[in-house]
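Protein chains: 2
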Amino acid sequence: MNSVSSPQLAPASSPSRISIALAERSYEILIGSGLLDSADAWRDLPRADCALIVSNVTVAPLYLARLQTALSQHYRRIEVLNLPDGEAYKDWTSLNLIIDALLSRGCDRKTVLFALGGGVIGDMTGFAAAVYMRGVPFVQVPTTLLAQVDSSVGGKTAINHPLGKNMVGAFYQPVRVIADLDTLDTLPARELSAGLAEIIKYGPIADAGFLGWIEQNLDALLARDKAALAHAVQRSCEIKALVVGQDEREQGLRAILNFGHTFGHAIEAGLGYGEWLHGEAVGCGMVMASDLSVRLGLMPAEFLTRMRRLIGRAGLPLLGPRLGVQRYLELMRVDKKAEGGEIRFVLIDALGHASMRAAPDALVAEVIAANCA
Amino acid sequence: MNSVSSPQLAPASSPSRISIALAERSYEILIGSGLLDSADAWRDLPRADCALIVSNVTVAPLYLARLQTALSQHYRRIEVLNLPDGEAYKDWTSLNLIIDALLSRGCDRKTVLFALGGGVIGDMTGFAAAVYMRGVPFVQVPTTLLAQVDSSVGGKTAINHPLGKNMVGAFYQPVRVIADLDTLDTLPARELSAGLAEIIKYGPIADAGFLGWIEQNLDALLARDKAALAHAVQRSCEIKALVVGQDEREQGLRAILNFGHTFGHAIEAGLGYGEWLHGEAVGCGMVMASDLSVRLGLMPAEFLTRMRRLIGRAGLPLLGPRLGVQRYLELMRVDKKAEGGEIRFVLIDALGHASMRAAPDALVAEVIAANCA
Chain A
1 MNSVSSPQLA
11 PASSPSRISI
21 ALAERSYEIL
31 IGSGLLDSAD
41 AWRDLPRADC
51 ALIVSNVTVA
61 PLYLARLQTA
71 LSQHYRRIEV
81 LNLPDGEAYK
91 DWTSLNLIID
101 ALLSRGCDRK
111 TVLFALGGGV
121 IGDMTGFAAA
131 VYMRGVPFVQ
141 VPTTLLAQVD
151 SSVGGKTAIN
161 HPLGKNMVGA
171 FYQPVRVIAD
181 LDTLDTLPAR
191 ELSAGLAEII
201 KYGPIADAGF
211 LGWIEQNLDA
221 LLARDKAALA
231 HAVQRSCEIK
241 ALVVGQDERE
251 QGLRAILNFG
261 HTFGHAIEAG
271 LGYGEWLHGE
281 AVGCGMVMAS
291 DLSVRLGLMP
301 AEFLTRMRRL
311 IGRAGLPLLG
321 PRLGVQRYLE
331 LMRVDKKAEG
341 GEIRFVLIDA
351 LGHASMRAAP
361 DALVAEVIAA
371 NCA
Chain B
1 MNSVSSPQLA
11 PASSPSRISI
21 ALAERSYEIL
31 IGSGLLDSAD
41 AWRDLPRADC
51 ALIVSNVTVA
61 PLYLARLQTA
71 LSQHYRRIEV
81 LNLPDGEAYK
91 DWTSLNLIID
101 ALLSRGCDRK
111 TVLFALGGGV
121 IGDMTGFAAA
131 VYMRGVPFVQ
141 VPTTLLAQVD
151 SSVGGKTAIN
161 HPLGKNMVGA
171 FYQPVRVIAD
181 LDTLDTLPAR
191 ELSAGLAEII
201 KYGPIADAGF
211 LGWIEQNLDA
221 LLARDKAALA
231 HAVQRSCEIK
241 ALVVGQDERE
251 QGLRAILNFG
261 HTFGHAIEAG
271 LGYGEWLHGE
281 AVGCGMVMAS
291 DLSVRLGLMP
301 AEFLTRMRRL
311 IGRAGLPLLG
321 PRLGVQRYLE
331 LMRVDKKAEG
341 GEIRFVLIDA
351 LGHASMRAAP
361 DALVAEVIAA
371 NCA
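Residue numbers (full-length UniProt numbering), protein chains in the order written: chain A, 1 to 373; chain B, 1 to 373.
Hints listed in this document are in silico derivations from the structure and should not be mistaken for laboratory results.
Among the clues, some could well be false.
Copies of the same chain look alike in the list, so a pair counts if it works inside one copy or between any two.
Claimed, not checked - EDC-like, lysine to aspartate or glutamate: derived pairs with alpha carbons at most 20 Å apart:
no.: 1; residue 1: LYS110; residue 2: GLU215
no.: 2; residue 1: LYS110; residue 2: ASP247
no.: 3; residue 1: LYS226; residue 2: GLU248
no.: 4; residue 1: LYS110; residue 2: GLU248
no.: 5; residue 1: LYS110; residue 2: GLU330
no.: 6; residue 1: LYS110; residue 2: GLU342
no.: 7; residue 1: LYS226; residue 2: ASP85
no.: 8; residue 1: LYS226; residue 2: GLU215
no.: 9; residue 1: LYS226; residue 2: GLU275
Work out the full structure: start from the sequences and follow the hints.
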């Protein structure tokens, strides 16, 4: 993909609207402060007798009441299901809890699901919406930086399997994404860093200028400056919208959004889901993928230095866990991008441009050995 | 839907091809004798390193070896998973067995799944294909009459939930349906009758002439006359293709294919899945839905008499189990067509024409009372 230039910014004070253009499945991402309490954000959603809010035990105490108030004008019955918090619970058991709640509470196939939480809640709620009665509408209400810039946008839904991350799921688009930047105020620092990993990702794969902007504004982002966050979330969503609009079902281009994810998924699965945050694994995975890009001669050594410095400044781990080279390779061979047992990596071949390539096992082994604690 | 006239028949000796027109998801249904051994039928399927055949312990001993031979020219690695036989196994556990097999055998996202069996195998394999790595291609190889005329065509995939039939699933189209009529030779008589229920269905909802043809040819169908079966399967698929082509995701018209199914699903769920065959429940459900159509004044009393006679001749039960009126109503309220707690029935309002309507509980109760053993 070529660099995506000239971002069109709305003033930080009014919510931005970004459209994901997918014909009859098109929808809008609203980004701004105060959206949970803004009547405008919740208008014109699909009508139904019943809404089900899926959240978790950490987020619900903070924001559930306000979401219930916002929805109370539109749905006669508002049901709630709070799941345990964490990637370890992104599994069949939790998915079943959502389905059981829908059926036992008599929710029909017009029911609208609302995912209030981070990527785990969004991915599972979206997948439940995709399969309940063969599909009901759902709305993403992301409350983590990672979910706001990445997982809530683009319609990838899934649960994990002990043998691999996101192995069971669906491409299923939400009817709206409502990203209230104020919810980032309560985000633990570790999760803020995890979100920054996915923001940083958009630079090398699609927008060299944005990479420079992040380097210049990282301190403001870490200090949760609202204007900086607004720009980072908006630009990330713009790039994602552009990519997803061209390749909804990951036939090609969309795979570039997985920069750092092949190594990252291996770290997550190898340690057991939930040990590292997804964004932490992606941060470290981007170091490894940058190293591989350099070792393959696609990028100069300075690129790796630059990525390492930025990822480290963001508070993300630079070294992966010592799982052993063979275990890394084994875990990466079940990655969804692998074909016929050949691992395929998203690599950077010019600043702002990525492509998918295979690499010799020996070289990959060198990268793993060089970047593990 | 208006009556669908002038069927275009191919000679029974050469396979018929019916197209399901769904833009980039279009595909062909092949119907004929000897297709399992015909090289033509298996050409030009998606290329992959690996194929997984999902079958069951009853069907595999009869046809698995021939399918393996047919596929051996196209796939380097052909994996097999045999599940237990029966509707009682159309659940999360079996779905997980398919996913586990795919992952543990290293099947990548180009893997093609083949569903060799009846409706249960087809529905589950299709759903597994829909969600494995967010979607892999699959081929339906239906070996029961019911699957050949109904469940293998149209892309409805699902598993059951203790609280309702087909409550978790996806609209996901196969890349081809290959219906070898010779596989009907080994079908138990009870399953032949179950398949006839879905064939009979197409008459009242869409084609009065076809209803007359079935009445005239029922003895030949029961005797498994190949020409009669070929016409019945083909005409059924033509009608289904026409309906699905207009309304893939059941926004409206497609619901008419569920004539008899609201009562039928209640019977299946109420007795426990597998007690009655799906087609048996639909047969009895059509009697109830015909009765309701008459009681609502939509059809003359003769219509009920005619349906009762035909369904009885086909070897299907005319009287439902005594679950109690309240239990029937409770089970029907979780039907996917229900909205805001109101049960909606597919009813006949002219021979060859159906529509979806609500009905007073008192009248539905009368129908249940009059049609239970």
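Outcome of the hint check:
no. : hint              : verdict
1   : LYS110 <-> GLU215 : neither (45 Å within a copy, 39 Å between copies)
2   : LYS110 <-> ASP247 : between (28 Å within a copy, 17 Å between copies)
3   : LYS226 <-> GLU248 : neither (30 Å within a copy, 45 Å between copies)
4   : LYS110 <-> GLU248 : between (24 Å within a copy, 17 Å between copies)
5   : LYS110 <-> GLU330 : between (43 Å within a copy, 19 Å between copies)
6   : LYS110 <-> GLU342 : between (43 Å within a copy, 13 Å between copies)
7   : LYS226 <-> ASP85  : neither (26 Å within a copy, 59 Å between copies)
8   : LYS226 <-> GLU215 : within (17 Å within a copy, 73 Å between copies)
9   : LYS226 <-> GLU275 : neither (29 Å within a copy, 61 Å between copies)
Violated hints, listed in ascending order, are 1, 3, 7 and 9; each of the other numbered hints is respected by the structure.
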